[in-house]
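Chemist: In my numbering, the protein residues as written are 222 to 513.
Everything labelled a hint here was simulated from the structure, so no lab data went into it. Every residue, glycine too, gets a C-beta built ideally from N, C-alpha and C. Careful: at least some of the hints might be erroneous.
As a list, the in silico DMTMM-like pairs of lysine to aspartate or glutamate whose alpha-carbon atoms are at most 25 Å apart [to be verified]: (1) 358 x 423; (2) 357 x 337; (3) 453 x 397; (4) 459 x 284; (5) 428 x 418; (6) 419 x 256; (7) 459 x 430; (8) 264 x 375; (9) 357 x 370; (10) 357 x 375; (11) 453 x 423; (12) 355 x 372.
The calculated label-pair distances, taken between Cβ atoms and stated as ranges, are [claimed, not checked]: (13) 479 x 285: 23 to 29 Å; (14) 485 x 238: 28 to 34 Å; (15) 424 x 288: 41 to 47 Å; (16) 403 x 424: 35 to 41 Å; (17) 396 x 291: 46 to 52 Å; (18) 463 x 428: 16 to 22 Å; (19) 298 x 403: 19 to 25 Å; (20) 410 x 488: 50 to 56 Å.
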Amino acid sequence: MNGLSWILVSDHAGLEEARFRIASAAVLGVDTEYDSFRYFREKLCLIQVSTDSMIYLFDPLGEDEFGFLGDLFQNPDVIKVLHACDNDVRILNRDYGFTFSSLFDTQRAASLLGSEALSLSAVLLEYLNFELPKSKKIQRSRWDLRPLDEEQLEYAARDAGVLIPLYRVMNRLLEEHSLADEAQRIFSEMADGRWREKTLSEHGHMKIEGYQDLDEAARRRLRLLYRWRFEKARSTNKARFMILSDQALLDIAGRGDEFMADPAAAGVLTRHQLNELGDELLDVLSSTTDPD
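With these hints in hand, go ahead and build the complete structure from the sequences.
Modeler: Structure, rendered in structure tokens:
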């Protein structure tokens, strides 16, 4: 499979060129990069759109406007090919209001065709005999930081660039196996997916290792701390572990009186954590009301 050229759309001229080229395409490959590790709500970091001749990389963290993509995504005459598209569809709708029609998901197509391994790499190997170079290091890199380096951009472009050739093979196979109608029904349902805010698990604190070793007073403190951390993560859009770890919550709950008397001497938190969170934690621990 020949690699397509890619371009990072970074100015108005590039945006207009991309708009012109993409508008004439009958099939588009679509992919995104987002960070769901460090953020409470997944942070969209890159949108990749491929045609038969070029891959365009759009930066959601920049100042460019690319609402024209929404017109293409909802255009039933343009096929949009994605792999495992659930989160892509939901996040693009959440952030931009984009909706999809004529969607084709290569992971679901592979499942319908009886494939067992459903990662993009596995599906490409099975249906196109193409080995997609993958790197966990790049996959888990900081997509939310700028500038993105050449390796990251190459990685992102490569994933989008294989989708259209894969679609053409899989679409033909679905038709040959009389699965096209079933596939379209599934794809339509996927296109209707919408993002939902995370909700607090009322009993999540009980799943923290060490909970069973706490006395009743410490368990109550842990419940309050667990709720506080969830709300803090939601309001700051940080992953919960980046506020405080489960172990830190457990240690604070277990040393409640000691921590309240002298948070620094308790030895649970770093100086930075104490400066940033100490007063809030003391307020939580001094609360006499456990909200319903």
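Chemist: Just to be careful, I want the Cα atoms of residue 355 and residue 372 compared with a cutoff of 25 Å; is the pair within it?
Modeler: Roughly 11 Å between the alpha carbons, so the hint for residue 355 and residue 372 holds.
Chemist: Keeping to a limit of 25 Å between CA atoms, is the pair of residue 357 and residue 370 held or broken?
Modeler: The hint holds at about 15 Å.
Chemist: CB of residue 463 to CB of residue 428, is that within 16 to 22 Å?
Modeler: Taking Cβ atoms as reference, residue 463 and residue 428 lie about 19 Å apart, which means the hint holds.
Chemist: Okay, residue 424 versus residue 288 on CB: inside 41 to 47 Å?
Modeler: Because 42 Å falls inside the window, the suggested range holds.
Chemist: Is the straight-line distance between the alpha-carbon of residue 419 and that of residue 256 25 Å or less?
Modeler: 15 Å, holds
Chemist: Measuring from beta carbon to beta carbon, are residue 479 and residue 285 in 23 to 29 Å?
Modeler: 53 Å, violated
Chemist: At the C-beta level, are residue 396 and residue 291 separated by a distance inside 46 to 52 Å?
Modeler: Between residue 396 and residue 291, where Cβ atoms are some 29 Å apart, the hint is violated.
Chemist: For the pair residue 298 and residue 403, does the Cβ-Cβ distance stay inside 19 to 25 Å?
Modeler: 22 Å, holds
Chemist: Just to be careful, I want the Cα atoms of residue 459 and residue 430 compared with a cutoff of 25 Å; is the pair within it?
Modeler: OK: residue 459 and residue 430 at ~22 Å, within 25 Å.
Chemist: Please work out if residue 428 and residue 418 have their alpha carbons no farther apart than 25 Å.
Modeler: 21 Å, holds
Chemist: Mind checking the hinted window 50 to 56 Å against the Cβ distance between residue 410 and residue 488?
Modeler: Once the Cβ atoms are compared, 52 Å apart, the range 50 to 56 Å for residue 488 and residue 410 holds.
Chemist: Against the 25 Å threshold, does the CA-CA distance of residue 453 and residue 423 hold or violate the hint?
Modeler: Holds, because 16 Å separates the two Cα atoms, which is no more than 25 Å.
Of the numbered hints stated above, those contradicted by the structure are hints 1, 3, 13, 14 and 17, listed in ascending order.
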